[in-house]
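Sequence order for the protein chains is A and B. Last residue of the first sequence: 279 (my numbering), numbering continuous. Last residue of the second sequence: 136 (my numbering), numbering continuous.
The hints are simulated quantities; they were obtained by calculation from the structure and are not laboratory data. These numbers come from a predicted model, not from an experiment. Backbone N, C-alpha and C define an ideal beta-carbon position, used for all residues, glycine too. Any given hint could be a false lead.
Unchecked claim - Residues from chain A that face chain B, not an exhaustive set, calculated with beta carbons under 8 Å:
#1 Tyr193
#2 Glu196
#3 Tyr210
As the list claims (entries may be wrong) - Listed next, the in silico SDA-like pairs over lysine to any residue satisfying Cα-Cα at most 20 Å (straight line):
#4 B:Lys60 x B:Gln20
#5 B:Lys44 x A:Asp198
#6 B:Lys85 x A:Ser33
#7 A:Lys35 x B:Asn15
#8 B:Lys16 x A:Ala43
#9 A:Lys98 x A:Ala117
#10 A:Lys200 x B:Gln20
#11 A:Lys35 x B:Ser14
#12 A:Lys153 x A:Thr120
#13 B:Lys44 x B:Ser26
#14 A:Lys200 x B:Ser26
#15 B:Lys44 x A:Asp206
#16 B:Lys44 x A:Glu194
#17 A:Lys179 x B:Leu69
#18 A:Lys200 x B:Glu27
These are the residues of each chain, in order.
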Amino acid sequence: KITAPMKMVSAAKLKGDETCLASAKPYNAWSDAICGPSQEVEDATFEDLPKRTLVIPLTSDKGLCGGINSFISRATKSIVAKAHADGKEVDIAVIGDKGRAQLVRAAEITPLIQQTMTEVESPGTFSLISSLSADIITVAEKKEYDGIMILYNSFVNAAVYKQKYKLIKPFESAGDGESMLEYEFEPDTKSEVLQDMYEYLLTSQMYECFMDAAASEQSSRMTAMENASKNAGEMIEKLTLQYNRARQTRITTELIEIISGASALEDKD
Amino acid sequence: REHRLFKIYSNKAVAQIIVPGSEGEYGVTANHSPIVSELKPGVLTIFHSESSEPEKFFVPGGFALTHPNSVTDITCPEAVKLDDIDSSIVSSAFESAKASFEKADDGSIAKAEAQIDMEVNKALGAALGITL
Numbered sequence: 011k012i013t014a015p016m017k018m019v020s021a022a023k024l025k026g027d028e029t030c031l032a033s034a035k036p037y038n039a040w041s042d043a044i045c046g047p048s049q050e051v052e053d054a055t056f057e058d059l060p061k062r063t064l065v066i067p068l069t070s071d072k073g074l075c076g077g078i079n080s081f082i083s084r085a086t087k088s089i090v091a092k093a094h095a096d097g098k099e100v101d102i103a104v105i106g107d108k109g110r111a112q113l114v115r116a117a118e119i120t121p122l123i124q125q126t127m128t129e130v131e132s133p134g135t136f137s138l139i140s141s142l143s144a145d146i147i148t149v150a151e152k153k154e155y156d157g158i159m160i161l162y163n164s165f166v167n168a169a170v171y172k173q174k175y176k177l178i179k180p181f182e183s184a185g186d187g188e189s190m191l192e193y194e195f196e197p198d199t200k201s202e203v204l205q206d207m208y209e210y211l212l213t214s215q216m217y218e219c220f221m222d223a224a225a226s227e228q229s230s231r232m233t234a235m236e237n238a239s240k241n242a243g244e245m246i247e248k249l250t251l252q253y254n255r256a257r258q259t260r261i262t263t264e265l266i267e268i269i270s271g272a273s274a275l276e277d278k279d
Numbered sequence: 005r006e007h008r009l010f011k012i013y014s015n016k017a018v019a020q021i022i023v024p025g026s027e028g029e030y031g032v033t034a035n036h037s038p039i040v041s042e043l044k045p046g047v048l049t050i051f052h053s054e055s056s057e058p059e060k061f062f063v064p065g066g067f068a069l070t071h072p073n074s075v076t077d078i079t080c081p082e083a084v085k086l087d088d089i090d091s092s093i094v095s096s097a098f099e100s101a102k103a104s105f106e107k108a109d110d111g112s113i114a115k116a117e118a119q120i121d122m123e124v125n126k127a128l129g130a131a132l133g134i135t136l
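Take these sequences, add in the hints, and give me the full structure.
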């Protein structure tokens, strides 16, 4: 009985999340020119992972949401496996209690978890995500990662979501790998502008991923609740049938007892 | 209250824009050389065609990136149409920011925040033609 209203609540929240996502995508579109578009996890080889990557899986705190968290945990594990096979390093900063719970079950993953962030209100606001990305940058600076990967579920429609990732590499303001050579910078302290832009870029990317993950979570929860309702309905039908049969059997048995008792009495007469 | 982020224009062809860069306002037309500019609080002006009336937005900051292919991306945490701004609110916001600034300890975060508050409101005022 509770699954039907839960589904309705998810449906209402999904509308809101879809609207947020619809504006988040064009808002973050500028980052594609710098980092490239998001990639799908399904066919990814992860061959071009940088030497040290911080992976940020976006998962939910609450359950009863279908498979969204399992897909992300699985993807995280295969990324770690591939990186280690290639002699590369991965650290994890997991967002969401469900993801954390699933990841710590794997012994080889647990030591990689640098940080866990739970009770991050979904889908979040720009301020919230700004402060989250500031936290991440603090962690990232200490460990000098060559890349930050956001791993999340991307909303396709009310029935479908896909795992995607965005890889954000830090800017180099000088030397061999100097970023954005063909651009003039204003103010001309290129390293400072790049530093500021990097913080803003991470926030912008996280914002879109959060909105996407939130819409995916709601659609997944809706489907899970609908399936639960359907399954519950089917189970109720089956059990009702069983109950009625048992009832009939008992009545028949009683009747037989009454009739045989009655006929035994008659015979005595 | 927090507002959700909106796109204003996506893939829009325009004649010219004037961007409030940190070193001053500059105009961008087709074939402008590539530049990454950290914005200062100020007015972003869009001319949809050569002869049209400009559309003006106030932005508190952000980044403008003009790419080699004549595409300019402008990204800001907020942008407000100039017409939607109430000048009396701007004046009083400036005054209260100034009061906070004067009260705060030197070098504190509160002081820095109040200073930013003052600068943004001052720029808002300038955009509306008031000197604060």
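Hint by hint, here is what the structure shows:
At a threshold of 8 Å, the smallest CB-CB gap from Tyr193 (chain A) to chain B is about 4 Å, leaving the interface hint in force. The criterion of a C-beta within 8 Å of any C-beta in chain B is met by Glu196 (chain A), whose closest approach is roughly 4 Å, and the hint holds. The beta carbon of Tyr210 (chain A) is positioned within 8 Å of a beta carbon in chain B (closest approach about 6 Å), and the interface hint is therefore held. Between Lys60 (chain B) and Gln20 (chain B), the direct Cα distance comes to roughly 12 Å. Compliance with the 20 Å bound is thereby established for this hinted pair.
Restraint check: the Cα-Cα separation between Lys44 (chain B) and Asp198 (chain A) comes to about 14 Å, which is no more than 20 Å; the hinted pair holds. Distance restraint check for Lys85 (chain B) and Ser33 (chain A): the Cα-Cα separation of roughly 18 Å lies within the 20 Å cut-off, and the hinted pair is therefore satisfied. As the CA atoms of Lys35 (chain A) and Asn15 (chain B) are separated by approximately 13 Å, the hinted pair is consistent with the 20 Å bound. Between Lys16 (chain B) and Ala43 (chain A), the direct Cα distance comes to roughly 16 Å. Compliance with the 20 Å bound is thereby established for this hinted pair.
With a C-alpha separation of about 18 Å, the suggested pair Lys98 (chain A) and Ala117 (chain A) falls inside the 20 Å cut-off, and the hint holds. For the suggested pair Lys200 (chain A) and Gln20 (chain B), the alpha carbons sit about 25 Å apart, so the restraint of at most 20 Å is broken. A threshold of 20 Å between alpha carbons decides the hint, and for Lys35 (chain A) with Ser14 (chain B) the separation of about 10 Å falls inside it, so the pair holds. As the CA atoms of Lys153 (chain A) and Thr120 (chain A) are separated by approximately 18 Å, the hinted pair is consistent with the 20 Å bound.
Our distance criterion of 20 Å between C-alpha atoms is met by Lys44 (chain B) and Ser26 (chain B), whose separation comes to about 5 Å. Between Lys200 (chain A) and Ser26 (chain B) the CA atoms are separated by roughly 13 Å; this keeps the pair inside 20 Å, and the hint holds. Taken as a hint, the Lys44 (chain B) and Asp206 (chain A) pair is honoured in the structure, with Cα atoms around 13 Å apart against an allowance of 20 Å. For the hint pairing Lys44 (chain B) with Glu194 (chain A), the CA-to-CA distance comes to about 17 Å; that is within 20 Å, so the pair holds.
Between the alpha carbons of Lys179 (chain A) and Leu69 (chain B) the distance comes to roughly 18 Å, so the proposed pair stays at or under 20 Å and holds. Proposed proximity of Lys200 (chain A) and Glu27 (chain B) is supported: the alpha carbons are some 14 Å apart, at most 20 Å.
Hint 10 from the earlier list is the only one contradicted by this structure; the remaining hints agree with it.
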